[in-house]
Every structure is written in C-alpha cells, then in structure tokens.
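Residue numbers (the working numbering), protein chains in the order written: chain P, 49 to 277; chain G, 25 to 206; chain Y, 4 to 79.
Hints are computed from structural coordinates only; laboratory data are not their basis. Some clues are possibly wrong.
Said to hold, decoys possible - Pairs of lysine to aspartate or glutamate residues, derived as EDC-like cross-links and limited to a Cα-Cα distance of at most 16 Å, are as follows:
hint: 1; chain 1: P; residue 1: K68; chain 2: Y; residue 2: E32
hint: 2; chain 1: G; residue 1: K140; chain 2: Y; residue 2: E62
hint: 3; chain 1: G; residue 1: K39; chain 2: Y; residue 2: E32
hint: 4; chain 1: G; residue 1: K43; chain 2: Y; residue 2: E32
hint: 5; chain 1: G; residue 1: K140; chain 2: Y; residue 2: E70
hint: 6; chain 1: P; residue 1: K68; chain 2: Y; residue 2: E62
hint: 7; chain 1: Y; residue 1: K77; chain 2: Y; residue 2: D67
hint: 8; chain 1: G; residue 1: K203; chain 2: Y; residue 2: E72
hint: 9; chain 1: P; residue 1: K68; chain 2: Y; residue 2: E25
hint: 10; chain 1: G; residue 1: K142; chain 2: Y; residue 2: D11
hint: 11; chain 1: G; residue 1: K137; chain 2: Y; residue 2: E32
hint: 12; chain 1: G; residue 1: K43; chain 2: Y; residue 2: D68
hint: 13; chain 1: P; residue 1: K69; chain 2: G; residue 2: D30
hint: 14; chain 1: G; residue 1: K140; chain 2: Y; residue 2: D11
hint: 15; chain 1: G; residue 1: K137; chain 2: Y; residue 2: E62
hint: 16; chain 1: P; residue 1: K69; chain 2: Y; residue 2: D11
hint: 17; chain 1: P; residue 1: K68; chain 2: Y; residue 2: D11
hint: 18; chain 1: G; residue 1: K33; chain 2: Y; residue 2: D67
hint: 19; chain 1: P; residue 1: K68; chain 2: G; residue 2: E107
hint: 20; chain 1: G; residue 1: K203; chain 2: Y; residue 2: D68
hint: 21; chain 1: G; residue 1: K43; chain 2: Y; residue 2: E65
hint: 22; chain 1: G; residue 1: K33; chain 2: Y; residue 2: D68
hint: 23; chain 1: P; residue 1: K69; chain 2: Y; residue 2: D68
hint: 24; chain 1: P; residue 1: K69; chain 2: Y; residue 2: E62
hint: 25; chain 1: P; residue 1: K68; chain 2: Y; residue 2: E70
hint: 26; chain 1: Y; residue 1: K6; chain 2: Y; residue 2: E32
hint: 27; chain 1: G; residue 1: K137; chain 2: Y; residue 2: E25
hint: 28; chain 1: G; residue 1: K43; chain 2: Y; residue 2: E64
hint: 29; chain 1: G; residue 1: K33; chain 2: Y; residue 2: E65
hint: 30; chain 1: P; residue 1: K69; chain 2: Y; residue 2: D67
Unchecked claim - Residues from chain G that keep clear of chain P, each with C-beta distances beyond 12 Å, as calculated:
hint: 31; residue: E36
hint: 32; residue: P100
hint: 33; residue: A132
Remember, it's a predicted structure, so these values are computed and weren't measured experimentally. Beta carbons are placed, not taken as given, at the ideal position from N, Cα and C, and that holds for glycine.
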Amino acid sequence: MTTGIQRSSSSTRRSPRKKKKNQIPFAIGLLIVIILIGIWLATKENHQALYWMLGLAFGFILQRSRFCFTASMRDPYLTRSTSVTKSVLIAFAITTIGFAAIKYGYFIQELAIPGQSYIAPISIATAVGAFMFGIGMVIAGGCASGTLMRIGEGFWMQVLALFFFVVGSLWGAHDYGWWMRNFMLAGKRVFLPDYLGWFGGVLCNLLIIAVIYVIAHKYGNKKSESELH
Amino acid sequence: MKAFFDKIKQNEFYKMWFKDALPYITGAILLSVFQIVTFATTKNPWGVSGVFANWGAWLYQLIGGSVDNWYYFSSPGAQATLEAGIINHGSTWRNIGIIFGALFATLAASGFKIKKLKSYKQVIAASLGGLLMGYGARIAFGCNIGALFSGISSMSLSGWVFGAFMFIGAIVGSKLLVKYFM
Amino acid sequence: MSKEVVLDCFGEACPVPLVKAEKALEKLEINDILIVQIDHSCAMKNVPEWARKQGHNVEIEEIDDGEWEVIIEKVK
Numbered sequence: 049m050t051t052g053i054q055r056s057s058s059s060t061r062r063s064p065r066k067k068k069k070n071q072i073p074f075a076i077g078l079l080i081v082i083i084l085i086g087i088w089l090a091t092k093e094n095h096q097a098l099y100w101m102l103g104l105a106f107g108f109i110l111q112r113s114r115f116c117f118t119a120s121m122r123d124p125y126l127t128r129s130t131s132v133t134k135s136v137l138i139a140f141a142i143t144t145i146g147f148a149a150i151k152y153g154y155f156i157q158e159l160a161i162p163g164q165s166y167i168a169p170i171s172i173a174t175a176v177g178a179f180m181f182g183i184g185m186v187i188a189g190g191c192a193s194g195t196l197m198r199i200g201e202g203f204w205m206q207v208l209a210l211f212f213f214v215v216g217s218l219w220g221a222h223d224y225g226w227w228m229r230n231f232m233l234a235g236k237r238v239f240l241p242d243y244l245g246w247f248g249g250v251l252c253n254l255l256i257i258a259v260i261y262v263i264a265h266k267y268g269n270k271k272s273e274s275e276l277h
Numbered sequence: 025m026k027a028f029f030d031k032i033k034q035n036e037f038y039k040m041w042f043k044d045a046l047p048y049i050t051g052a053i054l055l056s057v058f059q060i061v062t063f064a065t066t067k068n069p070w071g072v073s074g075v076f077a078n079w080g081a082w083l084y085q086l087i088g089g090s091v092d093n094w095y096y097f098s099s100p101g102a103q104a105t106l107e108a109g110i111i112n113h114g115s116t117w118r119n120i121g122i123i124f125g126a127l128f129a130t131l132a133a134s135g136f137k138i139k140k141l142k143s144y145k146q147v148i149a150a151s152l153g154g155l156l157m158g159y160g161a162r163i164a165f166g167c168n169i170g171a172l173f174s175g176i177s178s179m180s181l182s183g184w185v186f187g188a189f190m191f192i193g194a195i196v197g198s199k200l201l202v203k204y205f206m
Numbered sequence: 004m005s006k007e008v009v010l011d012c013f014g015e016a017c018p019v020p021l022v023k024a025e026k027a028l029e030k031l032e033i034n035d036i037l038i039v040q041i042d043h044s045c046a047m048k049n050v051p052e053w054a055r056k057q058g059h060n061v062e063i064e065e066i067d068d069g070e071w072e073v074i075i076e077k078v079k
C-alpha cells in the first residue's frame with residue numbers, strides 16, 4: 049500500500065470488521081478426506097484413484113491460476129482483454145506437441161493410435177452445438193470445468209447451472225439419434241496428420257495457434273493505447 | 025494452535041504456492057502437463073461434459089425413466105458404463121475431483137465463502153445457460169475441454185470449427201448477459 | 004471534493020463485476036474513487052488488471068475470508 053488512495057472514513061468503517069477466520073485448518077481437514085477417498089478408490093477397479101488425482105490436479109490448477117476457458121472466448125469481445133485467450137493458446141500449443149508425441153509413438157510401433165474418438169465429425173451439429181455452448185457458458189458464468197471449479201469456490205449459482213447442464217445433456221443425448229441420422233453421419237472426421245503428414249499436421253496446428261495469438265495480441269493492446277491519447 | 029496457522033499465512037512459500045493467484049501462463053503450462061499425463065495414462069484426452077450425460081441418465085433411471093433404446097446410450101460400452109453405476113465411473117470421480125481440488129485451493133488460501141443466489145436473474149441465467157451448454161455439448165461432441173482443448177490438441181479440425189462457432193456464441197451470450205442478466 | 008462510490012458485486016460471477024465496474028467508472032469524474040466489492044476470486048484478478056491497464060490507481064484490500072475491495076482512483 050504505497051500509493052495510498054485517500055478514502056473517506058465513511059466507506060472504510062461502515063461497520064466494525066469481523067475478525068477474519070483462518071481457513072487453513074479446514075483445508076488440512078479436507079486434505080485428509082481427499083486422501084481417504086483416494087485410498088478407498090485405489091482398492092477399486094479401473095484406476096479410479098488415478099482419475100481422482102487428475103481431477104484434483106485440474107481443479108487445483110484452475111482455481112489457483114483463475115484459468116477460465118469462458119473468459120478466453122468472452123473477454124476479447126466484452127472487455128478487449130486477451131490475456132486469458134493468449135494463455136489458452138499457449139496451452140493448446142504445448143498439449144499439441146505432447147499429444148502428437150504420444151500418438152506418433154503408437155504409430156511408429158504400428159499400434160492403434162489412442163484417443164482418436166476425439167477426432168469428431170464436422171457437421172451442422174458441431175456448429176449449432178458450439179454456438180449454443182458459447183451462449184450458455186457466458187450467461188451461466190462458466191463452462192463445464194469452470195462450473196465445477198466455481199462450485200468448489202462456493203457458488204450456489206453454479207450448482208444450479210450444473211443441475212441444468214446435466215438436464216441439458218440428457219436432453220441432448222435424447223435427441224442425439226436425430227442429429228446423427230441427419231447431420232453427423234455425413235460429417236467428415238479430419239485428423240490433420242492424415243492430410244498433411246505428422247510433421248505437417250503439427251506444424252499446421254501450431255501455425256493456426258500462432259496466427260490467432262498475433263491477432264489476439266494486437267487486438268488486445270489496441271484499446272488501452274487508443275485511450276491513452 | 026491458532027497462532028501457528030496465522031504464522032503460516034505470513035510464510036513466503038505459503039503465499040507463493042497457496043495464496044497469491046498464479047499467472048495465467050503458469051496455469052496454461054500446468055494444465056498442459058496434466059492433459060498430457062491424462063492422455064498418456066488413460067489413453068484418452070481430458071473430457072468433462074460427457075460425464076454429465078451419464079449423470080443425467082442415472083438421475084433419469086432414479087425417477088423411473090429408461091434410456092435403453094436411446095441411440096446415444098446404445099453402444100455396448102455405454103451400456104456397460106451405465107450398468108456399472110456412478111460409483112465405478114472413473115470420469116465421474118475426475119469431475120468430483122475438480123470440485124474438491126478447487127475447494128481445497130480456496131480453503132488453503134483462506135478465501136472460501138458461500139455465495140448465495142442473489143437475484144431471479146441469476147436463477148434464469150444459470151438455468152438457461154446450463155441447458156444450452158448441456159444440449160450443445162452433446163451434439164457437438166463435447167465442451168470446451170473435450171471438443172475444444174482436447175480436440176485441437178489432438179489435431180482434429182473439428183476442434184477449430186467448434187472454437188470458431190463457440191466464439192460467435194460467446195459474443196451473442198455477452199450481448200444477452202449485458203442486456204438481460206445484469 | 005472527490006466522490007466515493009461503493010459498488011456491491013458480492014455474489015456476482017465473471018464478467019458481471021468487471022462490466023459493472025466499467026460502467027460505474029465511466030460516470031465518475033477524475034479523482035473520484037470507485038470501490039468494487041467482490042467475492043469471486045477470478046474477478047479479483049481481472050478487475051484490478053483491467054483498471055491498471057487503463058492507467059488508474061488501484062489498491063486491493065482483503066476485508067474478510069473470500070471478500071475483497073478493489074479501490075480504484077480515476078485518474079483520467
């Protein structure tokens with residue numbers, strides 16, 4: 049507090065401040081519960097303790113860095129801030145390299161490449177679904193991972209959003225057959241290395257990321273500069 | 025005891041690791057590391073919203089519904105997952121792990137607070153937003169983790185298409201939010 | 004005499020606090036002070052970041068567990 053903004057006394061001491069509680073003991077208690085659940089899951093089949101640990105890591109990282117995929121899509125329009133967008137792009141670039149390495153490892157050993165179900169067919173359904181998702185995450189104040197993270201932070205609004213997310217998912221699953229018959233079946237699954245080779249595929253992905261990064265960087269700086277003059 | 029915990033609060037490593045927000049870039053790198061760990065160990069990239077369809081099916085079964093002849097759940101794999109139940113569903117534990125991981129991070133930073141619903145606008149925004157996300161994610165093969173982050177990182181063109189249309193959706197959503205839900 | 008405005012954003016998730024703060028600050032005169040009350044950790048990152056980027060003086064005060072006040076002095 050070196051700049052020392054002078055506040056009038058009326059706003060600083062409207063009410064006598066409650067004494068802050070230290071929540072670290074609760075964190076330690078929760079950690080014990082987390083470990084106990086982990087030990088219990090480790091006794092079960094299907095590597096559930098592994099999934100548990102991965103989820104904990106994702107939740108911890110998302111909260112600690114205030115990472116938000118929703119903000120990366122929303123802030124460029126709403127506030128012209130692109131710092132989250134750029135970070136998301138960096139994550140895409142690093143993960144592309146890691147995933148490509150793993151996939152390529154399977155490929156040169158002539159094994160089936162894992163995770164290819166994530167190469168989804170492109171159709172009207174992709175466009176409509178993504179558009180709906182984009183609207184939904186902004187008005188609900190968080191995407192899927194963001195909603196879970198915010199429940200952990202204590203937001204009741206996100207508990208409600210999660211409930212309707214589940215209802216919406218069931219609705220979507222119900223109509224899935226219709227979308228499949230009419231659109232998805234005709235959609236093409238495009239795995240870039242199939243068209244450009246492994247090196248070309250990685251390069252193409254990284255180039256797209258780089259181009260968007262440059263656009264985001266220039267666009268993000270514009271407003272603050274123009275307002276300075 | 026209390027003095028001890030108050031002393032922890034002043035510790036520089038405590039502040040660095042548990043209190044002060046990490047830069048976005050650090051978050052990006054750490055998420056990437058765990059995405060790669062996820063793919064290397066489970067043979068599938070990270071996904072979040074597919075689980076919610078299963079939760080929906082289990083809830084529906086709980087109130088007496090049946091999804092047996094729905095195309096979405098018709099594959100033997102999907103049937104086996106539903107049969108095994110929520111307790112034995114790894115991806116369910118991963119999603120609950122996200123909640124617990126975030127809760128732990130918040131408590132460790134001494135920043136937890138229950139935030140009640142503030143207005144009827146929040147109720148409508150959360151309900152409508154949740155429905156749109158749920159339905160959208162199902163027909164687009166995932167949310168911005170499964171379809172976007174994992175899709176793009178798997179070098180799938182579908183990830184880029186998803187991203188482009190989600191961006192347009194986010195703009196429309198922002199306009200709606202500012203106009204009706206604030 | 005400069006004005007001081009308190010903006011209650013408790014219970015609001017992103018991006019509501021930032022948009023509200025943006026609107027509120029627009030209405031203020033130079034040297035006025037805007038106090039944004041926030042209990043959302045993400046907004047605690049983007050509201051100060053935005054205000055600093057705009058060139059205003061910014062201070063943060065943790066008033067309770069999970070509750071903060073972002074004090075913004077409008078300088079231009």
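Hint by hint, here is what the structure shows:
no., hint, in the structure
1, P:K68 / Y:E32, "34 Å, violated"
2, G:K140 / Y:E62, "26 Å, violated"
3, G:K39 / Y:E32, "36 Å, violated"
4, G:K43 / Y:E32, "35 Å, violated"
5, G:K140 / Y:E70, "14 Å, holds"
6, P:K68 / Y:E62, "19 Å, violated"
7, Y:K77 / Y:D67, "25 Å, violated"
8, G:K203 / Y:E72, "26 Å, violated"
9, P:K68 / Y:E25, "29 Å, violated"
10, G:K142 / Y:D11, "11 Å, holds"
11, G:K137 / Y:E32, "33 Å, violated"
12, G:K43 / Y:D68, "12 Å, holds"
13, P:K69 / G:D30, "10 Å, holds"
14, G:K140 / Y:D11, "14 Å, holds"
15, G:K137 / Y:E62, "22 Å, violated"
16, P:K69 / Y:D11, "22 Å, violated"
17, P:K68 / Y:D11, "20 Å, violated"
18, G:K33 / Y:D67, "14 Å, holds"
19, P:K68 / G:E107, "48 Å, violated"
20, G:K203 / Y:D68, "32 Å, violated"
21, G:K43 / Y:E65, "12 Å, holds"
22, G:K33 / Y:D68, "13 Å, holds"
23, P:K69 / Y:D68, "7 Å, holds"
24, P:K69 / Y:E62, "22 Å, violated"
25, P:K68 / Y:E70, "10 Å, holds"
26, Y:K6 / Y:E32, "8 Å, holds"
27, G:K137 / Y:E25, "25 Å, violated"
28, G:K43 / Y:E64, "14 Å, holds"
29, G:K33 / Y:E65, "13 Å, holds"
30, P:K69 / Y:D67, "8 Å, holds"
31, E36, "15 Å, holds"
32, P100, "15 Å, holds"
33, A132, "4 Å, violated"
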